[in-house]
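With chain A's structure known, arrange chains D and S on it following the hints.
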Amino acid sequence: MSRSARGRLSFGPSSLVAALLVAGLSAGCGPNGAGDRDGAADKDHRTLEVWTPESGSRLLLVQRRADQFAAAHPGVAVNITVRDFGSYPAQLKLALASDRPPDVAIGNLGWSLDGPLIKAGLLRPLDAWAARYGWDKRFPDAARAQMRFTTDGRQFGRGAIFGIPYAADVIGWFYNLRKLAALGIPVPATLAELESAFETAKRAGEVPIMLGNKAQWPGLHLFYLVSGDLASDEEINGIVFGDRAVQWTSPGFVQSVRRLAAWNAKGFIEAGANGMAPADALARFAQGSGVFLPAGSWNVAELSAAMGDDVAFFLTPPLRAGDPRRATGSVGYGWHITAASRQPDLAAEFIDYMTRDEFAIELVAGGDLSPLDLGERTPPPPSGLAGDVYAAWQSVVSNGTLLPYLEFAAPNGAEVLYPAMQTMIAGRETPEQGLARIEESRKEFLDSLQ
Amino acid sequence: MIAATRAEKAWSSAILSVFAAATVLPILGIVLLSLQPAEAQLSGFAWPDRLDFGNYARAFEVAHFGSYLTSSLVVSIAVAAGTVVVSTLAGYAFGTMRFAGDNLLFYLLLTGLVIPFEAVIVPLYVELQAARLTNSYASVILPLVGVNAAFGTFWMRAYFRAAPRELIEAASLDGAGSLRILWKVLLPGARPALLTLVVLAFMWSWNEFLLPLVMLSREDLRTAPLGLAFFAGRYTTDRVGMAAAAVMVALPVVALFVATHRRFVHGMWAGALKQ
Amino acid sequence: MSRGGGALPYLYLLPAFLFFVPFVLVPFAHTVGLSFYDWDGLTQAAFAGLDNYREALASPLVRSAFTHALVLILFFGLLPVLMALPLAAMSARTNATGGSALRTLIFLPQAISTVVVGVSWGWILALDGPLNTGLRALGLDGAAIDWLGSFSWALPSLGMVGAWTLLGLCVALFFAGLQQIPESLYDAAAVDGAGRWRIFRAVTLPGLKGPVAVALTVTVVSALRAFDLVFVTTRGGPGTETIVPGILIYRRAFEDARLGSAAAIAVILAVVVFAATWVINRIADRKPS
Numbered sequence: 001m002s003r004s005a006r007g008r009l010s011f012g013p014s015s016l017v018a019a020l021l022v023a024g025l026s027a028g029c030g031p032n033g034a035g036d037r038d039g040a041a042d043k044d045h046r047t048l049e050v051w052t053p054e055s056g057s058r059l060l061l062v063q064r065r066a067d068q069f070a071a072a073h074p075g076v077a078v079n080i081t082v083r084d085f086g087s088y089p090a091q092l093k094l095a096l097a098s099d100r101p102p103d104v105a106i107g108n109l110g111w112s113l114d115g116p117l118i119k120a121g122l123l124r125p126l127d128a129w130a131a132r133y134g135w136d137k138r139f140p141d142a143a144r145a146q147m148r149f150t151t152d153g154r155q156f157g158r159g160a161i162f163g164i165p166y167a168a169d170v171i172g173w174f175y176n177l178r179k180l181a182a183l184g185i186p187v188p189a190t191l192a193e194l195e196s197a198f199e200t201a202k203r204a205g206e207v208p209i210m211l212g213n214k215a216q217w218p219g220l221h222l223f224y225l226v227s228g229d230l231a232s233d234e235e236i237n238g239i240v241f242g243d244r245a246v247q248w249t250s251p252g253f254v255q256s257v258r259r260l261a262a263w264n265a266k267g268f269i270e271a272g273a274n275g276m277a278p279a280d281a282l283a284r285f286a287q288g289s290g291v292f293l294p295a296g297s298w299n300v301a302e303l304s305a306a307m308g309d310d311v312a313f314f315l316t317p318p319l320r321a322g323d324p325r326r327a328t329g330s331v332g333y334g335w336h337i338t339a340a341s342r343q344p345d346l347a348a349e350f351i352d353y354m355t356r357d358e359f360a361i362e363l364v365a366g367g368d369l370s371p372l373d374l375g376e377r378t379p380p381p382p383s384g385l386a387g388d389v390y391a392a393w394q395s396v397v398s399n400g401t402l403l404p405y406l407e408f409a410a411p412n413g414a415e416v417l418y419p420a421m422q423t424m425i426a427g428r429e430t431p432e433q434g435l436a437r438i439e440e441s442r443k444e445f446l447d448s449l450q
Numbered sequence: 001m002i003a004a005t006r007a008e009k010a011w012s013s014a015i016l017s018v019f020a021a022a023t024v025l026p027i028l029g030i031v032l033l034s035l036q037p038a039e040a041q042l043s044g045f046a047w048p049d050r051l052d053f054g055n056y057a058r059a060f061e062v063a064h065f066g067s068y069l070t071s072s073l074v075v076s077i078a079v080a081a082g083t084v085v086v087s088t089l090a091g092y093a094f095g096t097m098r099f100a101g102d103n104l105l106f107y108l109l110l111t112g113l114v115i116p117f118e119a120v121i122v123p124l125y126v127e128l129q130a131a132r133l134t135n136s137y138a139s140v141i142l143p144l145v146g147v148n149a150a151f152g153t154f155w156m157r158a159y160f161r162a163a164p165r166e167l168i169e170a171a172s173l174d175g176a177g178s179l180r181i182l183w184k185v186l187l188p189g190a191r192p193a194l195l196t197l198v199v200l201a202f203m204w205s206w207n208e209f210l211l212p213l214v215m216l217s218r219e220d221l222r223t224a225p226l227g228l229a230f231f232a233g234r235y236t237t238d239r240v241g242m243a244a245a246a247v248m249v250a251l252p253v254v255a256l257f258v259a260t261h262r263r264f265v266h267g268m269w270a271g272a273l274k275q
Numbered sequence: 001m002s003r004g005g006g007a008l009p010y011l012y013l014l015p016a017f018l019f020f021v022p023f024v025l026v027p028f029a030h031t032v033g034l035s036f037y038d039w040d041g042l043t044q045a046a047f048a049g050l051d052n053y054r055e056a057l058a059s060p061l062v063r064s065a066f067t068h069a070l071v072l073i074l075f076f077g078l079l080p081v082l083m084a085l086p087l088a089a090m091s092a093r094t095n096a097t098g099g100s101a102l103r104t105l106i107f108l109p110q111a112i113s114t115v116v117v118g119v120s121w122g123w124i125l126a127l128d129g130p131l132n133t134g135l136r137a138l139g140l141d142g143a144a145i146d147w148l149g150s151f152s153w154a155l156p157s158l159g160m161v162g163a164w165t166l167l168g169l170c171v172a173l174f175f176a177g178l179q180q181i182p183e184s185l186y187d188a189a190a191v192d193g194a195g196r197w198r199i200f201r202a203v204t205l206p207g208l209k210g211p212v213a214v215a216l217t218v219t220v221v222s223a224l225r226a227f228d229l230v231f232v233t234t235r236g237g238p239g240t241e242t243i244v245p246g247i248l249i250y251r252r253a254f255e256d257a258r259l260g261s262a263a264a265i266a267v268i269l270a271v272v273v274f275a276a277t278w279v280i281n282r283i284a285d286r287k288p289s
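Chains as they are written, first to last, in my numbering: chain A, 1 to 450; chain D, 1 to 275; chain S, 1 to 289.
The shape of chain A in the complex, shown without the other chains (with noise of 0.2 angstroms):
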């Protein structure tokens, strides 16, 4: 999952130091990650470094939290830096070597971002206060081989806890109910009507599916889409935690690149998808261009803002009707306690305080999606949209059929597994070619682990 923003940074002015640095050719020394730090801030004075790359309305709710945190604890101060989701993985990297790390951390599951830091020691296992908060039963069962990480690094799912998650996502297809309406379309129930669907809408010359995927990965959200009915848990676990006797090439994801470039060359798939940047299919779709759109449940604000009630959302309908929906989604990204940290008990005070209830129940009533099962407490959906999401989350968490992300896997998406899906959806390439590029790339990483 990806989402590109922009936040406000807070960060202390650096001073001018004499720049003459004659660094010769010692190259390969790494910065280290614990300078020598000035004295340890005094006890009546304490601030909570913490980093995160929300955007939008989370964002600003996480900032609210963090405020209602730093007023219940007198003397203690949270800063918070944010910085755009495409440069985050990079910068964060950069701050936890360098002498002024923060305290706290968001990160992303799996290899994509947790997975090296835990691999370089930057992060802290989490379980002692996992248990003192019982956040190991905050939680339900599909979110929790997620949250945990090997403690060397080398195995996602397995071992301590690493990451608390506070709001969770799921990737469906938003649909215009006006248009479907007017095409005499009804909701499809089965993976087959969806595709008459497309034919339907693409006869009357509407576009079938609106995707931006100038940024390479709305192309993999697709993909999540058809993988979900076409792939089996085995192949789809297996790449994502590491199993190296499932492939890239094994048929569930042939079948499924099969099927999205099949889509692409009857021209079910936005003419102009390649150079349009995701937020522009967004808007388009909001203003009425296309009759479904692959995106993620975190666009559930802006669509019903600009599309009250002509939009609905549901997952990828199953291959029988009446089997149970799969979906591609996660829990989220957790906060994690970095190892650097000189106020790891603080710092653990702060993420319980943010994965807790009451955060949840505010994220929820603005229509997002939270990891805990509020139960009665859950507020009801502010739109019927939301609604919509809502159920669909709970209907693959109670089925036990929310999948994880493939991206997961390795740290280097943009290397290969996007690039290479935008190929074999155009059909420049076979899927047997690309998924064998892939997984050739995956085969490196795994060897890397070693």
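The hints are simulated quantities; they were obtained by calculation from the structure and are not laboratory data.
Where chain S lies over chain D, by a calculated footprint (3+ residues, C-beta under 8 angstroms):
# : stretch
1 : 27-36
2 : 88-96
3 : 103-110
A short list of chain A residues far from chain S (calculated; beta carbon distances all over 10 angstroms):
#  : residue
4  : Thr47
5  : Leu59
6  : Arg100
7  : Arg144
8  : Leu177
9  : Thr249
10 : Gln343
11 : Ser395
12 : Gln450
We treat Cβ as the ideally placed atom computed from N, Cα and C, and that holds for glycine.
Here is chains D and S on its own, set in the frame of chain A:
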């Protein structure tokens, strides 16, 4: 040269005009786009019904362009000033004095003309990060002066080499020190060369993208091209806003260029071709 | 040339080198050193010998990055130079009215930041942008494609943008160069009875060797570097069709945390740039036959 016939002149003007028009058309299109009202869904070059400067106002208020432009101004002026000073001094030495290793040092400096920034940016970032200089204007100004010093020295050296020897000798016979000679004798005549260098250094540092991209992640320090790139990336649907932002980023340098172009062009080509 | 008094010349050089050495030369040396290591920017680096180079030379992605740069060289360098020669010659010969103004206009794109150029052309070349609107108005609907989103046309489109940017520089250089060719050469050729084409080949072209070398150097280096334009328009897409070395270096260093590999590619890029510059200037320095 065989004199050009009237017909040739006419053809020549026509063809040049076509190319000039083709070059300018995209620029004009963007300027016109920036003056369209915000809700306009534009798909072509169109003359706006009324000139709406609202997009510029929006870029200033919503997208912090005032801050970006200020940052760019600070950086570009500092770099231009720094470049001129160090290049004049070094060019003077290379151009008028002989000393051990002068050729070697000169060629060493010249490598700066061909070293691509991409080959320098990674360790530069690591070093400046370690020195806690990233996210400061210095992290952009210092390297840019360094890179420009190569071209600037080359440039000023060419000028000083071409300066009449007799002037220098006469002055030194009169007992003037080297600095005096530089200041009183050579610099006054160096105005075209200096102006060209100032304009080029200002232009190059204003338009520099990769270096600030890597060094400046603080919002309030971002330079104009950086601001534009992120603005365009974030508000992808706000095309008129993007156009206004683009115009604002390009305008100062274009204005500087147009204002000085006669002297600048003259100075530049004369200098470039002396090599 | 005065004999430098002791340390004095070095003092004059000091300021320039004070900036150049630590901020350009040393980091470059550092890059070369870094290219022999495996480093993620966080943990201790591991010596990797020539691995990064081996991987780079074998990697299809790196090879296509350089191939794309080569394509850009044709568009950024060869095309403007070829177009500028006749334009400059025409302008110089006829000294048409307003020539200076026209040449200034053609030069204007040089003064514009590449980010502005990229953002602007991104709009112009969009599927519903002005170029396609114009093509459709001319009845050429089939040609109105998503230029920057097309696997086949994205790179050439960027190439044309580069040509647009650099044409004016070449025209200005050649025009000035033409002014420098002594009249006497032309007169002599005319006396010999040489026709227009012969004069162009025997007098004009050789006289322009210097400016052509400068123009090619600037444009070729521009093409090899080409980071800004790609970053702001396609970021290397669609697929990997517009990946250029600069983008690869940035991505590997700052997004993938493979700093050693990024350094190796940067060194290869620097070598290619050095080589191209050297070749161009050697050819230009050859004595005319």
